[in-house]
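Protein chains: 2
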Amino acid sequence: MDKKTENFLGIDVGGTHVKIGLVNTKGNIIQFAKEETASLRKHPQGFNLGFVETVGKYLKKYPEVRHVGIGLPGLVSKDRTTTLEIPAIGELNGFNLKGALLEKFPDIIFHLENDASAAAVGELHFGTGDNSDSYLFITLGTGIGSALIIDGEVFKGVRGNAMEMGHMLSRGNSRLEPLIGRNGILNIAKRMLDAFPNDAGELSQVELGMHVLVAAANKGNGVALKTFAEVGEIMGEAIVSTIRILDVNEIYFGGGISAALPFILPSMEKCIHKYLSPYYLSDLKMQRATLENDAGTLGAAALCFMD
Amino acid sequence: MDKKTENFLGIDVGGTHVKIGLVNTKGNIIQFAKEETASLRKHPQGFNLGFVETVGKYLKKYPEVRHVGIGLPGLVSKDRTTTLEIPAIGELNGFNLKGALLEKFPDIIFHLENDASAAAVGELHFGTGDNSDSYLFITLGTGIGSALIIDGEVFKGVRGNAMEMGHMLSRGNSRLEPLIGRNGILNIAKRMLDAFPNDAGELSQVELGMHVLVAAANKGNGVALKTFAEVGEIMGEAIVSTIRILDVNEIYFGGGISAALPFILPSMEKCIHKYLSPYYLSDLKMQRATLENDAGTLGAAALCFMD
Numbered sequence: 001m002d003k004k005t006e007n008f009l010g011i012d013v014g015g016t017h018v019k020i021g022l023v024n025t026k027g028n029i030i031q032f033a034k035e036e037t038a039s040l041r042k043h044p045q046g047f048n049l050g051f052v053e054t055v056g057k058y059l060k061k062y063p064e065v066r067h068v069g070i071g072l073p074g075l076v077s078k079d080r081t082t083t084l085e086i087p088a089i090g091e092l093n094g095f096n097l098k099g100a101l102l103e104k105f106p107d108i109i110f111h112l113e114n115d116a117s118a119a120a121v122g123e124l125h126f127g128t129g130d131n132s133d134s135y136l137f138i139t140l141g142t143g144i145g146s147a148l149i150i151d152g153e154v155f156k157g158v159r160g161n162a163m164e165m166g167h168m169l170s171r172g173n174s175r176l177e178p179l180i181g182r183n184g185i186l187n188i189a190k191r192m193l194d195a196f197p198n199d200a201g202e203l204s205q206v207e208l209g210m211h212v213l214v215a216a217a218n219k220g221n222g223v224a225l226k227t228f229a230e231v232g233e234i235m236g237e238a239i240v241s242t243i244r245i246l247d248v249n250e251i252y253f254g255g256g257i258s259a260a261l262p263f264i265l266p267s268m269e270k271c272i273h274k275y276l277s278p279y280y281l282s283d284l285k286m287q288r289a290t291l292e293n294d295a296g297t298l299g300a301a302a303l304c305f306m307d
Numbered sequence: 001m002d003k004k005t006e007n008f009l010g011i012d013v014g015g016t017h018v019k020i021g022l023v024n025t026k027g028n029i030i031q032f033a034k035e036e037t038a039s040l041r042k043h044p045q046g047f048n049l050g051f052v053e054t055v056g057k058y059l060k061k062y063p064e065v066r067h068v069g070i071g072l073p074g075l076v077s078k079d080r081t082t083t084l085e086i087p088a089i090g091e092l093n094g095f096n097l098k099g100a101l102l103e104k105f106p107d108i109i110f111h112l113e114n115d116a117s118a119a120a121v122g123e124l125h126f127g128t129g130d131n132s133d134s135y136l137f138i139t140l141g142t143g144i145g146s147a148l149i150i151d152g153e154v155f156k157g158v159r160g161n162a163m164e165m166g167h168m169l170s171r172g173n174s175r176l177e178p179l180i181g182r183n184g185i186l187n188i189a190k191r192m193l194d195a196f197p198n199d200a201g202e203l204s205q206v207e208l209g210m211h212v213l214v215a216a217a218n219k220g221n222g223v224a225l226k227t228f229a230e231v232g233e234i235m236g237e238a239i240v241s242t243i244r245i246l247d248v249n250e251i252y253f254g255g256g257i258s259a260a261l262p263f264i265l266p267s268m269e270k271c272i273h274k275y276l277s278p279y280y281l282s283d284l285k286m287q288r289a290t291l292e293n294d295a296g297t298l299g300a301a302a303l304c305f306m307d
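Line by line, the protein sequences give chains A and B. Quick note: my numbering has the first sequence finishing at residue 307, numbered continuously throughout. Quick note: my numbering has the second sequence finishing at residue 307, numbered continuously throughout.
Rather than coming from a laboratory, the hints here were simulated on the basis of the structure. Model, not experiment: these values are computed from the prediction. Among these hints, one or two may not hold up.
No farther apart than 30 angstroms at their CA atoms in a straight line, the calculated lysine-lysine pairs in the DSBU-like style are these [to be verified]:
1) A:K78 with B:K61
2) B:K104 with B:K78
3) B:K26 with B:K285
4) B:K26 with A:K270
5) A:K60 with A:K98
6) B:K78 with A:K285
7) A:K104 with A:K57
8) A:K26 with A:K190
9) B:K19 with A:K78
10) B:K274 with A:K78
11) B:K98 with B:K34
12) A:K78 with A:K190
13) A:K274 with B:K78
14) B:K34 with B:K19
15) B:K60 with B:K26
16) B:K26 with B:K78
17) A:K57 with A:K26
18) A:K190 with B:K274
19) B:K219 with B:K274
20) A:K104 with A:K78
21) A:K19 with A:K34
22) A:K34 with A:K60
23) A:K78 with B:K34
24) B:K219 with B:K270
25) B:K26 with B:K61
26) A:K274 with B:K190
27) A:K61 with A:K26
With the sequences and hints as input, model every part of the structure.
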């Protein structure tokens with residue numbers, strides 16, 4: 001089978017669902033399914049072998065597949081064989097997942113990668129933006145993930161797991177993720193509601209959630225706009241430090257909360273322009289990623305393009 | 001001439017002095033000289049051509065030299081030909097220094113590099129520690145510089161100038177350098193003197209300086225110890241974020257203030273252990289670099305080992 005025409009299996013492993021997509025080389029999802037992570041954990045031999053069995057189920061269903069890409073929510077070994085620290089699925093910690101898969105399916109080529117890096121690779125191969133082959137990718141969602149693509153390759157750092165921006169220290173030495181992950185943003189919104197009741201508008205009547213907040217910002221709601229402005233400042237500070245370390249000038253934002261990017265961007269840009277010198281600012285580009293809901297599955301499938 | 005036996009010229013360009021060392025491949029400085037930067041700036045044709053002329057003077061003095069390494073205090077182009085932003089010597093901004101040198105001395109091989117990266121390369125080739133070929137290098141001095149060596153190479157990031165840790169944002173969004181560069185440390189000491197007059201001891205009688213402060217810490221002076229403890233916390237926070245981005249577990253500290261490392265280390269380690277997970281901590285090594293006063297010149301000379 002020619003790698004240019006074959007279909008890949010992209011598997012996005014998460015704490016709630018394991019999503020499986022049959023994806024062609026153009027980035028179209030031909031078939032899609034999801035399994036509950038909790039169900040796999042109840043497998044008689046535990047999650048790990050339950051997962052291997054599940055992969056087998058889909059390989060049987062799609063016998064033409066030769067490459068399988070797997071995105072994982074945590075730290076993986078530098079050689080991409082072993083899952084090291086996967087907070088959402090502790091059973092995977094220190095498990096040679098690639099070894100277990102190859103033992104059962106020796107003819108298949110498996111590509112394991114951190115899920116944020118997979119999403120960044122997805123944007124590289126399947127995105128419709130004008131990205132170059134070197135950029136910082138930040139996923140804004142329940143958590144904050146990040147990845148760096150340099151010359152078309154995932155930057156692994158020294159030991160294999162670079163780019164955990166969500167764990168950088170920010171204001172008052174909180175980690176970034178609790179500050180401006182989903183729950184952090186809702187906390188900021190609650191604080192803004194208390195501080196600016198006159199700007200609350202419809203938000204005083206409804207249960208706060210990300211969709212509600214984005215919709216309100218779209219209608220010009222003061223509290224929603226103030227909330228995303230603060231998110232932008234905090235994100236901007238982390239980006240300043242990250243740019244100083246990586247010297248990158250192209251940044252894409254993915255994940256559900258990137259829908260709020262238009263409201264986050266102004267204060268983020270203001271912060272970045274305050275702290276960076278002309279060298280860093282001259283060609284700085286910050287945009288929303290083009291892959292949206294399917295970024296996890298497509299990213300996992302896109303790993304099959306890597307050697 | 002064989003690269004294994006020849007002598008290199010190492011030139012460390014700074015805002016106050018340009019230091020020139022004739023260095024053998026074992027890292028011994030055979031001859032040493034320094035020129036005042038201010039004098040070179042007064043050259044009739046300006047600093048840049050004055051510098052080229054100075055290089056010529058030493059090439060004439062040491063006619064056996066074929067490789068010249070030059071460490072520069074700022075940002076250089078990714079191809080290491082052009083100085084981009086050199087705050088201490090603005091004349092160099094946007095100057096094709098390598099081109100100008102090659103025009104005058106076409107038979108010489110010039111290696112240009114940021115000075116912190118040069119110091120890190122010096123440790124790689126001339127250091128007497130047990131460093132591997134992948135580590136984070138931090139210079140604590142008047143300013144804060146840093147570099148990352150991966151697999152024996154300088155990490156350049158996407159555009160050429162990675163690793164400006166001194167410009168990361170820290171507490172209250174100050175840059176790291178003003179907080180814990182030399183002046184920042186003296187400011188902390190003044191604050192501690194005011195806050196803890198009973199612990200001031202001899203420090204209440206003398207003019208504060210780094211040597212005084214380190215000597216006092218060595219004698220157990222309370223204010224000096226509190227000062228370096230705070231430096232350690234602030235440095236530790238920046239290192240946590242940097243480790244999360246680069247996944248590096250070997251760190252060397254150079255520069256004059258690294259003499260205070262024994263007093264900085266405990267609070268720094270405490271901070272790092274608080275915020276990093278076991279994966280990052282298992283083999284974490286933090287040590288003082290082995291090259292001391294001559295690190296700039298030796299680092300510049302060590303660049304001649306690079307291709």
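Exercise. Would you mind confirming whether the straight-line C-alpha gap from K26 (chain B) to K78 (chain B) stays at or under 30 angstroms?
Key: holds, 28 angstroms
Exercise. With a cut-off of 30 angstroms on the C-alpha distance, tell me whether K60 (chain A) and K98 (chain A) pass.
Key: With a Cα-Cα distance of about 18 angstroms, the restraint between K60 (chain A) and K98 (chain A) holds, given a limit of 30 angstroms.
Self-check item: Hint consistency between K78 (chain A) and K190 (chain A) [alpha-carbon to alpha-carbon, up to 30 angstroms]
Solution: violated, 41 angstroms
Practice problem: Take a quick look at whether K219 (chain B) and K274 (chain B) sit within 30 angstroms of each other, Cα to Cα. | Solution: Status holds; Cα separation ~29 angstroms.
Quiz item: Has the given pair, K78 (chain A) with K61 (chain B), been kept, meaning a C-alpha gap of at most 30 angstroms?
Solution: violated, 49 angstroms
Quiz item: Keeping to a limit of 30 angstroms between CA atoms, is the pair of K104 (chain A) and K78 (chain A) held or broken?
Solution: Holds. K104 (chain A) to K78 (chain A) sits at ~22 angstroms (cutoff 30 angstroms).
Self-check item: 30 angstroms Cα cutoff - pair K98 (chain B), K34 (chain B)
Solution: holds, 21 angstroms
Quiz item: CA of K26 (chain A) to CA of K190 (chain A), is that 30 angstroms or under?
Solution: violated, 43 angstroms
Practice problem: Given the hint that K34 (chain B) pairs with K19 (chain B), test it: the Cα-Cα distance must not exceed 30 angstroms. | Solution: Within the cut-off at roughly 4 angstroms; holds.
Quiz prompt | Pair hint K34 (chain A) and K60 (chain A), alpha-carbon separation not exceeding 30 angstroms | solution = This hinted pair holds, its Cα atoms lying about 16 angstroms apart.
Quiz item: Does K61 (chain B) lie within 30 angstroms of K26 (chain B) when you go C-alpha to C-alpha?
Solution: With a Cα-Cα distance of about 21 angstroms, the restraint between K26 (chain B) and K61 (chain B) holds, given a limit of 30 angstroms.
Practice problem: Below or equal to 30 angstroms on CA atoms is what counts here, so check K219 (chain B) against K270 (chain B). | Solution: holds, 23 angstroms
In summary, the numbered hints that this structure violates are 1, 4, 8, 9, 12, 23.
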